[in-house]
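So the chains spell out like this:
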Amino acid sequence: MSRIEIDSIRCKGCGRCITACPKDLIEFSQEINDRGYTYVDFTGHQEDCSGCTLCAVVCPDQGIEVWNFKDKQTFVNTTGLTENMTHYCPGCTHGVVHRITAEVLEELGLLDRTVGVAPVGCSVLAYEYFNIDMFEAAHGRAPAVATGAKRARPNLIVFTYQGDGDLASIGGNEILHAANRGEKITVIFVNNAIYGMTGGQMAPTSMPNQKTTTSPMGRDVETTGYPMRVSELLASLKTPAFIARGSAHDGKHSLKLKKLIRQAFEYQRDNTCFSFVEVLSTCPTNWGLSPDEADKWLETTMMPYYPLGIFKQPDVASPA
Amino acid sequence: MPTDTAVTTDTEVLMAGFGGQGTLLAGKVLAQASMDLGREVSWLPSYGPEMRGGTANVIVCIASKPIGSPLIESPRGLIVMNLPSLEKFAPKVRPGGVIIVNQSLIDRDPHRDDCTVVKVPSRELAQQAGAIRAANFVMLGAYIGATGVMPPAAIERAIAEEFEGDKARFIASSVAAFRAGVKAGRQPAH
Amino acid sequence: MAKVLMKGNEALGEAAIRAGCVHFFGYPITPQTEVPEYLVKRLPEVGGAFVQAESEVASINMVYGAAGVGIKCLTSSSSPGISLMAEGMSYLAACELPCVIINIMRAGPGLGGILPSQSDYNQATKGHGHGDYELIVLAPASVQEAVDLMTLAFDLAEQYRNPVMICADGMIGQMMEPVEFPGEGRGEPFKPNDWELTGAKGRARRVVNSLFLAPEELFAHNIHLKEKYDRIHRDEMRSDLYGADEPYDLLLVAFGTMARISKTAIDEVRRDGLRVAMFRPITLNPYPTPALRAAMDAMGPSGKVLTVEMNMGQMVHDVRFAAEGSRTVDFYGTAGGIVPSPDQVAAKIRALIG
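Line order of the protein sequences matches chains R, D and V. Heads up: the first sequence begins at 1 in the working numbering, then just goes up one per residue. Heads up: the second sequence begins at 1 in the working numbering, then just goes up one per residue. Heads up: the third sequence begins at 1 in the working numbering, then just goes up one per residue.
Bound-form chain R, shown alone (with noise of 0.2 angstroms):
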């Protein structure tokens, strides 16, 4: 017999840990929380759960923690994170992103000798939340920050977290070039296929058709061109690097996600070469979607065009 607390304060109501419980275990509460949020409940029968964990690996709020049957605790926040509530929406996936990322520094005990670089987008604030030292970045130029940051002190691990627009758009030449250079920097790039801080507008990883506040009639690729797969185009780069593409949609992806962040952190950590994960992640309020229906979409939409997996490693010969 194992259990779950759930933190009704942390909790946003979106519900992703009711679809990720396995048992159905998890409803939602008849009750408000004091930030106007319908909250979850555990509701099923003690003895059913099974400790899984799946329900706390997709929590985006840090809001739920496990023991398993010896009253063990197996799912802990982690140290990496501030106690900060984010100020994210219900249901973004970047809660989970920035908890993985977290995790992983501190299980390779690097946390006290690390320093993140936030972007201009959704994650600006991301500086409040990592439990860490921490620069924010003018938009776009977090891997120059970073390489200034890197070759200054060389002993340090840094990271940039961006999404798409910052890396993508109007970071383009920084990320390709940081990328070229080989800095022994690692990269996570959160691909949500919209502009999410500013309301909704194309991304240049928006997807065909998909509507946004600027591309009202649905992203017309005659004239905005394709969704642009950032982690194929630096793969083609000659210069060795780890790049690898995951996704936050659900339990069991984000469970794979954290090894690919592992491991990017292991090659900085090694002083090997420039890593870079690209996360596929939700935008719930901007998809114009529920949670549920956001990481289902994720899924069928986005997918199948930006494939998952390692594209480059250091020490595989390239495929270009």
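In short, the hints are calculated from the structure, not lab data. It cannot be assumed that every hint is accurate.
[What the hints assert, rightly or not] Straight-line C-alpha distance at most 30 angstroms; calculated BS3-like pairs for lysine-lysine:
hint : chain 1 : residue 1 : chain 2 : residue 2
1    : V       : Lys-41    : V       : Lys-191
2    : R       : Lys-238   : V       : Lys-41
3    : R       : Lys-252   : R       : Lys-23
4    : V       : Lys-228   : V       : Lys-126
5    : D       : Lys-28    : D       : Lys-92
6    : R       : Lys-259   : R       : Lys-72
7    : R       : Lys-211   : R       : Lys-72
8    : D       : Lys-167   : D       : Lys-88
9    : D       : Lys-183   : D       : Lys-119
10   : D       : Lys-119   : D       : Lys-28
11   : D       : Lys-65    : V       : Lys-3
12   : D       : Lys-28    : V       : Lys-191
13   : D       : Lys-28    : V       : Lys-41
14   : D       : Lys-28    : D       : Lys-167
15   : D       : Lys-65    : V       : Lys-304
16   : R       : Lys-72    : V       : Lys-201
17   : R       : Lys-23    : R       : Lys-296
18   : D       : Lys-88    : D       : Lys-28
19   : R       : Lys-23    : R       : Lys-256
20   : V       : Lys-228   : V       : Lys-191
21   : V       : Lys-41    : D       : Lys-167
22   : D       : Lys-183   : D       : Lys-92
23   : D       : Lys-65    : D       : Lys-92
24   : R       : Lys-72    : R       : Lys-296
25   : R       : Lys-259   : V       : Lys-201
26   : R       : Lys-23    : R       : Lys-70
27   : D       : Lys-167   : V       : Lys-191
Position chains D and V relative to chain R; hints supplied.
Frame of chain R; chains D and V shown alone:
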């Protein structure tokens, strides 16, 4: 540090030619020699979009007190390596100045009766000295010979300084070319 | 240490090393390219790093990264490249990160030309990026002064946690003059401080940030910065007077290369008995207004003021501000890479008081 400071005179010289003729280098050697003698000095090159070819000129100012403008409209000395430079700069030389003309490439007279004009077959003299590419040092030598602005030995030390290390093989022939120039420059004065 | 004959651009590079800076981020542009070309050879010898950035936009952000982790660093560019760095300068100033930016000015606007100019005076002292911020701007008039000001630049950058710009022109950058360097080899790094990001080991985490979404917080930050700039304006004005020991009827005001050329012009007209002195601001920001006003007031009410610049009239507005309407201020300038000769400046002086 050499002590023959008093021998040099306050002056300025414009050295001009095609890029690749070594005007900037010869100017640098002159500036270096002046500095080694304890003088104030400035070396101001023209700089333009051409990396090779085109025109290259440099103004070297030598003085006993800090140099004001390193840009001199009417220099007291002019060393011209090619015809365009002669046409452009010869009219600007201050009356009473010295003009060293590269006779190997220029068959025209500067028409400056108010200046000392020395025509130097720089290529031939450089060839004779065994340094075909050292026409610039021949011309610098002629300028030193004609003006006596500093002892030739100071320039020879600066040439050695410039080429020390992996270019040391150029020292002897460059100095020989320079000496041939000094000799050519002195002739009209005697 | 003995004097060496060096180009201004190279001397600036060496001076940075003597000041303890061994990290450089930059992009090629004429007429400053000798700075990176010199440093790419020297920095590995002194344990530093050189990165040729993909653009000036990237260079200044690499500076932001290196300065943020507490490392003395330098970038160098010329006018069009400085325009691209404008954004980064605003962030550096907002985050109070110390660094030095060299601007070897060339003629503009647009792609302009590559010859010497002072047409970025306004940009350096009042322009570049967005928001209420200031750079400290130093203007050398010789290669030796460029070297001396580099040491000062890093000291001021550290003391005030503010970017410092060394604003010279193509002539200073390209000219060779004898120089003497301070110290031997690599200078000292920044002193221990409480702002650099080094990994939050055994201390509270730190953030380098310029985002303040609450207006009261941003206003407080603006006030904090303003108080710092006020201290800089109070304590760091620097200027030089030439020929002011004797009475003068005309005060010429010029900076950088133009001051040197004017000095020769002044020497020339003095031989004809004209009484002229020169005021040369060394800090273009903070502008040495009180000293300039005093130099004006030292003349009688009929004394004239002439500002000479290699632009179409930029600093002259600060000179007029210093005069506060007490007298007219004449202007002489050339642009496009045309450097006025001493004779031209002398002719202008003669036209005014001859």
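Hints, one by one, checked against the model:
Of the supplied pair hints, the one linking V/Lys-41 and V/Lys-191 holds, its CA atoms being roughly 26 angstroms apart against a limit of 30 angstroms. In summary, the hint linking R/Lys-238 to V/Lys-41 is supported, as the alpha carbons are separated by about 26 angstroms, within the 30 angstroms threshold. A hinted pair counts as satisfied when its Cα atoms are at most 30 angstroms apart, and R/Lys-252 with R/Lys-23 qualifies at roughly 16 angstroms. With a CA separation close to 17 angstroms, the supplied pair V/Lys-228 and V/Lys-126 stays within the 30 angstroms bound.
The hinted pair formed by D/Lys-28 and D/Lys-92 meets the criterion: a straight-line CA distance of about 22 angstroms does not exceed 30 angstroms. Annotation: proposed proximity of R/Lys-259 to R/Lys-72 holds, straight-line Cα distance about 23 angstroms (limit 30 angstroms). At roughly 47 angstroms between alpha-carbon atoms, R/Lys-211 and R/Lys-72 are farther apart than 30 angstroms, so this suggested pair is violated. Straight-line distance between C-alpha atoms of D/Lys-167 and D/Lys-88 comes to about 34 angstroms, which puts the hinted pair past the 30 angstroms bound.
For the hint linking D/Lys-183 to D/Lys-119, the alpha-carbon distance of about 12 angstroms falls within 30 angstroms, and the restraint holds. The hinted pair formed by D/Lys-119 and D/Lys-28 meets the criterion: a straight-line CA distance of about 22 angstroms does not exceed 30 angstroms. Proximity of D/Lys-65 to V/Lys-3 is assessed by CA-CA distance (about 16 angstroms); at most 30 angstroms being required, the pair is judged to hold. The suggested pairing of D/Lys-28 with V/Lys-191 is violated, with an alpha-carbon distance near 40 angstroms, which exceeds 30 angstroms.
Of the pairs offered as hints, the one joining D/Lys-28 and V/Lys-41 holds, with about 21 angstroms between alpha carbons and a cut-off of 30 angstroms not exceeded. A hinted pair counts as satisfied when its Cα atoms are at most 30 angstroms apart, and D/Lys-28 with D/Lys-167 qualifies at roughly 16 angstroms. Simply put, D/Lys-65 and V/Lys-304 have alpha-carbon atoms about 28 angstroms apart, close enough for the 30 angstroms limit, and the pair holds. For the hint linking R/Lys-72 to V/Lys-201, the alpha-carbon distance of about 29 angstroms falls within 30 angstroms, and the restraint holds.
Between R/Lys-23 and R/Lys-296 the alpha-carbon distance is near 20 angstroms, which keeps this suggested pair within the 30 angstroms criterion. Restraint check for D/Lys-88 and D/Lys-28: satisfied, since their Cα atoms lie roughly 22 angstroms apart, inside the 30 angstroms limit. Only pairs whose Cα atoms come within 30 angstroms are accepted, and R/Lys-23 paired with R/Lys-256 is accepted, the gap being roughly 22 angstroms. At roughly 19 angstroms between alpha-carbon atoms, V/Lys-228 and V/Lys-191 fall within 30 angstroms of each other, so this suggested pair holds.
Of the supplied pair hints, the one linking V/Lys-41 and D/Lys-167 holds, its CA atoms being roughly 19 angstroms apart against a limit of 30 angstroms. Restraint check for D/Lys-183 and D/Lys-92: satisfied, since their Cα atoms lie roughly 26 angstroms apart, inside the 30 angstroms limit. Distance hint between D/Lys-65 and D/Lys-92 is fulfilled; the C-alpha atoms sit about 24 angstroms from each other, no more than 30 angstroms. Simply put, R/Lys-72 and R/Lys-296 have alpha-carbon atoms about 33 angstroms apart, too far for the 30 angstroms limit, and the pair is violated.
Note on R/Lys-259 and V/Lys-201: the hinted pairing holds, with a Cα-Cα distance of about 26 angstroms set against a maximum of 30 angstroms. Annotation: proposed proximity of R/Lys-23 to R/Lys-70 holds, straight-line Cα distance about 20 angstroms (limit 30 angstroms). Distance restraint check for D/Lys-167 and V/Lys-191: the Cα-Cα separation of roughly 43 angstroms exceeds the 30 angstroms cut-off, and the hinted pair is therefore not satisfied.
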